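Residue numbers (the working numbering), protein chains in the order written: chain A, 4 to 134; chain B, 19 to 391.
Wrong hints could be hidden among the right ones.
As the list claims (entries may be wrong) - Selected chain A positions facing chain B (in silico; Cβ < 8 Å):
{"id": "1", "residue": "P47"}
{"id": "2", "residue": "A49"}
{"id": "3", "residue": "P82"}
These are computed hints drawn from the structure, not numbers from a lab. Just so we're clear, the structure is a prediction, and the values are computed from it rather than from any experiment. Ideal Cβ positions, reconstructed from N, Cα and C, are used throughout, including at glycine.
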Amino acid sequence: MSRHRVAGVDEIKAGERKLVKVNGMEFGIFNVGGQYHAYRNVCPHAGADVCVGTICGTLLPTPVYEYSYGRENEILRCPWHGWEFDLKTGEHLVDPDMRLRSGKLESISDSSENLERGELETDEDGIFLIL
Amino acid sequence: MTQQQQSTNDLDRPKLIDTDVHNTFASPAELLPYLPKVWHEQWLNSELIGNPWYSSLGSVNRRDAVTPSGGQPGSDPKYMIEHHLDAFDIDYAILTGHIVINCSLHVDPDYGSAIASAYNDYMVDQWLKVDPRFKGSLVINFSDPEAAVKEIQRLGGHPNIVQVIMCSGARIPFGQRHYHRIYEAAEQMNLPVAIHPGSEGKGLAYPPTPSGYPTRYMEWHNILPINYMAHINSLVCEGVFEKFPKLKFVAIEGGIAWLPHLMWRMDKNYKALRDSTPWLKRLPSEYILEHIRLTTQPIEEPANHKQLVEIFNMIDAGKTVMFASDYPHWDFDNPKLALAKIPKEMRVRIQSENAIELYGLQQKAKHEGGGLE
Ligand code: FES
Chain A
4 MSRHRVAGVD EIKAGERKLV KVNGMEFGIF NVGGQYHAYR NVCPHAGADV CVGTICGTLL
64 PTPVYEYSYG RENEILRCPW HGWEFDLKTG EHLVDPDMRL RSGKLESISD SSENLERGEL
124 ETDEDGIFLI L
Chain B
19 MTQQQQSTND LDRPKLIDTD VHNTFASPAE LLPYLPKVWH EQWLNSELIG NPWYSSLGSV
79 NRRDAVTPSG GQPGSDPKYM IEHHLDAFDI DYAILTGHIV INCSLHVDPD YGSAIASAYN
139 DYMVDQWLKV DPRFKGSLVI NFSDPEAAVK EIQRLGGHPN IVQVIMCSGA RIPFGQRHYH
199 RIYEAAEQMN LPVAIHPGSE GKGLAYPPTP SGYPTRYMEW HNILPINYMA HINSLVCEGV
259 FEKFPKLKFV AIEGGIAWLP HLMWRMDKNY KALRDSTPWL KRLPSEYILE HIRLTTQPIE
319 EPANHKQLVE IFNMIDAGKT VMFASDYPHW DFDNPKLALA KIPKEMRVRI QSENAIELYG
379 LQQKAKHEGG GLE
């Protein structure tokens, strides 16, 4: 297990992201309303660099012919086929089994819950990705 | 042939041909040197044909395909080589142009034909000369068959032009006699005729469905294949392939899984109603398998991939289907993944062999390699 500094504490503003490469793997580090999330830069659909996609909101589920925009900056939209992923969970909005993932990442602090996400730690020095 | 010759030949044979790659202008002004002055203002100040549907992706293009100088995806040949051809080991890319192919649906046929000719000269000059892996599609304006025939005769013999292309949006189904002169000219020059979707319901074309206009982009995109069904039905029943027995017709980006239904329905009706098409000598499905070629993208993605393999078997995909990525458009198929679940023998045919046979591309192009310096 190893610990990699990927960003300074205030470097990534809310609603923004940083692309990093650790051990030859690319990750997107996202600040979603003050919470950090790391995802592998590979779309589970067809392999695009998903982390360079648009960070946006979306149309929420509504009754027929009603429109409601929400979840601003909580959605990542793949640059290829436009699949929308929930940045808080990594889940595809249509099929939650299709998740953004880090594959072989493990968390140093957490037992099992976030095994499929890059686990991030923050301290005064910066943000660390634990592989 | 010695064994050594045999293996060199194998190495030289293309392994991956992408049959739908979109090249476009970095700026509309790029067309001006090829377009008569009389049309300049119109070209610069108007849209070729309007588009009523908005995609929630905001653009038809992949967001990650913007060129290094910030230009339109697909507008820089060198970058296309680096970002697409080299990245995926593509031996040939069949260039299918962009909105210019919709010139057949402009209200003014003279303008439509002028745009087609100017684009074709631009393509030869700015794309086909850049790298021998690029092969061109000759744009024609089908609303003026006489002009279209002249264009085919003017440039169809160019060694790097491999087919004629036209938009699939239309007011007359493609089997009818209005188009026969075009097919005759293409057949004489040994060029397949390809159609590409995107203009359904735009310009002079009728609504995309016989019941009218879909409300939104997704709905429009979902239903594009019915127009392809209409054209293939017409081509067969009007006897186009009896009249032009060497003609091949390429249905680009129109989907595939609907084809078995059409073939079976046509065959069943033919058994009862043969006398209404007495020029047909075989089952309609046999004309389809011999003369129609389809491209894969956007490949159907059923949850159970075996179902797609079954459908591919039903239409003899090892003979009739060619790989396409649609680079740099949003519904791009990744060459490494799109066909991964198709059995190897069929996959090889789809990735290269069918296109090798159709376009006569038996040997890989000799190129310097590399895109941007
Ligand atoms: S590759 Fe990401 S949506 Fe298809």
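Proposed interface contact between P47/A and chain B, which counts if any beta carbon pair is under 8 Å: 11 Å, violated
Restraint: A49/A near chain B, CB-CB cut 8 Å. Satisfied or not? 5 Å, holds
Is the interface hint satisfied for P82/A? The criterion is a beta-carbon contact with chain B at less than 8 Å. Where the cut-off is 8 Å and the nearest Cβ of chain B is about 4 Å from P82/A, the hint holds.
When held up to the earlier numbered hints, the structure conflicts with hint 1 and nothing else.
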